[in-house]
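Chain residues, written in single-letter form:
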Amino acid sequence: MSMPFYVSPEQLMKDRADYARKGIARGRSVVVVGYDEGIAFATENPSAALHKISEIYDRIAFAAVGKYNEFENLRVAGIRYADLRGYSYDRSDVSARALANAYAQTLGTVFTTESKPLEVELAVAEVGATPDADQIYRLSYDGSVSDERRFVVMGGQADQLTARMEDGWRAGMDLGGAVSLAVAALGSHGEDEPRRIEPGQLEVAVLDRTRPRRAFRRLRTDAVADLLAAGA
Amino acid sequence: MPDLPGRLPASFTTPGNASFVDFLASHDPSLLPAGRGLPPGELPASPHGTTIVALRHAGGVVMAGDRRATAGSMIASRQIEKVHPADHYSAIGIAGTAGLALELVRLFQLELEHYEKIEGAVLSLDGKANRLATMVRGGLGLAMQGLAVLPLFGGYDADRGAGRIFSYDVTGGRYEESDHHAVGSGSVFARGSLKKLWRPRLPEGDAIEVAVHALVDAADDDSATGGPDLVRRIWPTVAVVDMDGYRAVGPDELADVVARVDAARREDEQR
Numbered sequence: 001m002s003m004p005f006y007v008s009p010e011q012l013m014k015d016r017a018d019y020a021r022k023g024i025a026r027g028r029s030v031v032v033v034g035y036d037e038g039i040a041f042a043t044e045n046p047s048a049a050l051h052k053i054s055e056i057y058d059r060i061a062f063a064a065v066g067k068y069n070e071f072e073n074l075r076v077a078g079i080r081y082a083d084l085r086g087y088s089y090d091r092s093d094v095s096a097r098a099l100a101n102a103y104a105q106t107l108g109t110v111f112t113t114e115s116k117p118l119e120v121e122l123a124v125a126e127v128g129a130t131p132d133a134d135q136i137y138r139l140s141y142d143g144s145v146s147d148e149r150r151f152v153v154m155g156g157q158a159d160q161l162t163a164r165m166e167d168g169w170r171a172g173m174d175l176g177g178a179v180s181l182a183v184a185a186l187g188s189h190g191e192d193e194p195r196r197i198e199p200g201q202l203e204v205a206v207l208d209r210t211r212p213r214r215a216f217r218r219l220r221t222d223a224v225a226d227l228l229a230a231g232a
Numbered sequence: 001m002p003d004l005p006g007r008l009p010a011s012f013t014t015p016g017n018a019s020f021v022d023f024l025a026s027h028d029p030s031l032l033p034a035g036r037g038l039p040p041g042e043l044p045a046s047p048h049g050t051t052i053v054a055l056r057h058a059g060g061v062v063m064a065g066d067r068r069a070t071a072g073s074m075i076a077s078r079q080i081e082k083v084h085p086a087d088h089y090s091a092i093g094i095a096g097t098a099g100l101a102l103e104l105v106r107l108f109q110l111e112l113e114h115y116e117k118i119e120g121a122v123l124s125l126d127g128k129a130n131r132l133a134t135m136v137r138g139g140l141g142l143a144m145q146g147l148a149v150l151p152l153f154g155g156y157d158a159d160r161g162a163g164r165i166f167s168y169d170v171t172g173g174r175y176e177e178s179d180h181h182a183v184g185s186g187s188v189f190a191r192g193s194l195k196k197l198w199r200p201r202l203p204e205g206d207a208i209e210v211a212v213h214a215l216v217d218a219a220d221d222d223s224a225t226g227g228p229d230l231v232r233r234i235w236p237t238v239a240v241v242d243m244d245g246y247r248a249v250g251p252d253e254l255a256d257v258v259a260r261v262d263a264a265r266r267e268d269e270q271r
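As you go down the protein sequences, you meet chains A and B in turn. For the first sequence, the UniProt record's numbering begins at 1 and goes up steadily by one. For the second sequence, the UniProt record's numbering begins at 1 and goes up steadily by one.
Since the hints were derived computationally from the structure, they do not count as laboratory data. Incorrect hints may have been included.
Stated by the list, open to error - A short, non-exhaustive set of chain B residues, derived as facing chain A with CB atoms under 8 Å: (1) G6; (2) R7; (3) T13; (4) P15; (5) F20; (6) V21; (7) F23; (8) A25; (9) S26; (10) L110; (11) K117; (12) I118; (13) W198.
Unchecked claim - Among the chain B residues that face chain A by a calculated CB cut under 8 Å, a handful are: (14) F12; (15) H114; (16) L123; (17) G127.
C-beta: ideal position from N, C-alpha, C; glycine also.
Make a model of the complete structure from these sequences and hints.
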C-alpha cells in the first residue's frame, strides 16, 4: 500500500486559493458603482442570454465573475433564499447583509471541505433610501466578505481597473457619469491605449432607488449608447 | 448528502426548477397551504370573501370585487381587498375562505415573480393560468374539509393583443371565459347583470361602470356581498389590465362611477 504524501495545511490552502484565483482572473471584469440615484452594474458580456448580473429581490441585486455554472447556481440559491425569507416574514425583512452571510458561509465551507473551491467572486448590493444607506458586499472564493463603499471591481485585471475607478470616481455622479466611468475602466489596459467597447458588447443594469418596490432594471443597448454619449 | 452547518441547504442549490411552490415542497412542505393536514373536528366560523366579477373590454380586462367578508351571519370585514395584481400584466380575484385565499394570492404573486427572476423571462398568460390551476388543485384536501378557495384570473395576453379571463373549480379545472364571469356567493346575480349590460369592445370607463353595476346587483340579493358604502366612502376594488399593465382604479374615479350607478338606479326606481 502506498502512503499518500504529506501536504501541509498551508500549502493545501495556498494551492486551492491559487487555483480559484487563476480561474477568476481568466474571465472578464464586472464593475459595481454607486451613483446619485442608485447602484450601477456593468460588464463586458457579448451574450444577451447568459447574464452575470441579476435581480435577487426588491432592492437587492447580484453580480458575479468566474465559472458560469457555479455562480448561476449561487444566483438561483440567492433568489430562493430571499423569496423564502420574504414569504416567511415580510418583504422588508430581506437584507443584502443576511444574503451575503449565507453566501460567505457557503463559499467558505466549499473552500475548506471540498476538493475544488468555487471559482467565483460575487458582489451583493442593496440600494437604500439615500446614497449613504446603499450597501455593497464583495465575496471571495474562500468566503471572505468585505463591506465596500463607492465601487467594486471583480475578475480579470481587477487591480488595474480599481486604480482607474479610483481616479475617476466622484461623489454624487449621475448614471451617465457612473456608466461611462465603469465602461472606461473595463476598457483600460494599464499604460496602453484604452480599448473602446461597443454598447452591444455590454451588459448594464441598475438598482434605481427612485423606482417603487422592484428597483432592478436592465438597460437596453440603445439606452447604454445614449448614456455613454451623454457621459463622454 | 447531509447539509453542512451554515451552508445554504442542498435544496437551494439544486438546479433545474424555476417554481417557488415546487421549491417549498422540496425544502419545507409545511410552509405550503396544502402541506398542513387538518385534524378531524368542527371548524370554527372563519371569514369568507365573496363576489368577484371580471369582463373583457376593448383594451383588456376589468376585474372588480366587493369589500365584504362574512363569518357566518356576521360581517367580518367591511374593507377586505379581494382583487390583487398577480404580476404586471395580470390580476387575481379570490372568493372563499379569506385566510387561505389571501395566502394563495401571496404565493401566486411570488410564484410568478420567482419564475421571472430565475428564468429572466415572463411566463405566458396560459402558463400563469395553468400554474394557478395546479395551486388550486393542491388545495383540494382543504376544500373537502370546507375550506375552499376559488380564484378568478384575468390578464392581458401580449401575443394576442387582448384580455383573457380564466375561471377555476376546486379540482383544479381551468376554464377560459369568452366575455365575462363572476365567482363567489353573489355570482349568480352578478352574472345575470353582466349578461344584460356587457357589450363587445366596451370602452374602459363603461366597462368599469358595468362591473360596479354587477356588484351592486349582487349586493342587492346576496347578504354576503357588500355594496358601495356611501357613508364611509368604501368603494369596490376595481382593477384594469391592458397593454400598459395593471392599474388599480383610484378612489376619486370610483366615487364618480358609484355616483353614476346610483343615479341610474334612482332613475329606474322612479319610472
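Do the hints match the structure? See the list:
Below 8 Å, beta-carbon pairs count as interface contacts, and G6(B) has one with chain A at about 4 Å; its hint therefore holds. This hint holds: R7(B) has a C-beta 4 Å from the nearest C-beta of chain A, less than the 8 Å allowed. Checking T13(B) against chain A: minimum C-beta separation of about 5 Å stays under 8 Å; hint holds. Below 8 Å, beta-carbon pairs count as interface contacts, and P15(B) has one with chain A at about 6 Å; its hint therefore holds.
Satisfaction of the interface hint for F20(B) is found here, the shortest Cβ-Cβ separation to chain A being roughly 6 Å, below the 8 Å cut-off. For V21(B), the interface hint is violated, since its Cβ never comes within 8 Å of a Cβ in chain A; the closest pair sits about 11 Å apart. With its C-beta approaching chain A no nearer than about 6 Å, F23(B) sits inside the 8 Å limit, and its interface hint holds. Taking 8 Å as the C-beta contact cut-off toward chain A, the hint placing A25(B) at the interface is violated, the least distance being around 12 Å.
Proximity of S26(B) to chain A is violated relative to the hint, the smallest CB-CB distance being about 10 Å (cut-off 8 Å). The interface hint given for L110(B) is met, as the beta carbon of that residue sits about 6 Å from the closest beta carbon of chain A, less than 8 Å. Given the 8 Å rule on beta carbons, the hint for K117(B) holds: about 5 Å separates it from the nearest Cβ of chain A. Hint status for I118(B) relative to chain A: holds, with the closest Cβ pair at about 6 Å, below 8 Å.
With its C-beta approaching chain A no nearer than about 33 Å, W198(B) sits outside the 8 Å limit, and its interface hint is violated. For F12(B), the interface hint holds, since its Cβ comes within 8 Å of a Cβ in chain A; the closest pair sits about 4 Å apart. The criterion of a C-beta within 8 Å of any C-beta in chain A is met by H114(B), whose closest approach is roughly 5 Å, and the hint holds. Look at L123(B): its Cβ only gets to about 16 Å from chain A, farther than 8 Å, so that hint breaks.
About 18 Å separates the beta-carbon of G127(B) from the nearest beta-carbon of chain A, more than 8 Å, and the hint is not met.
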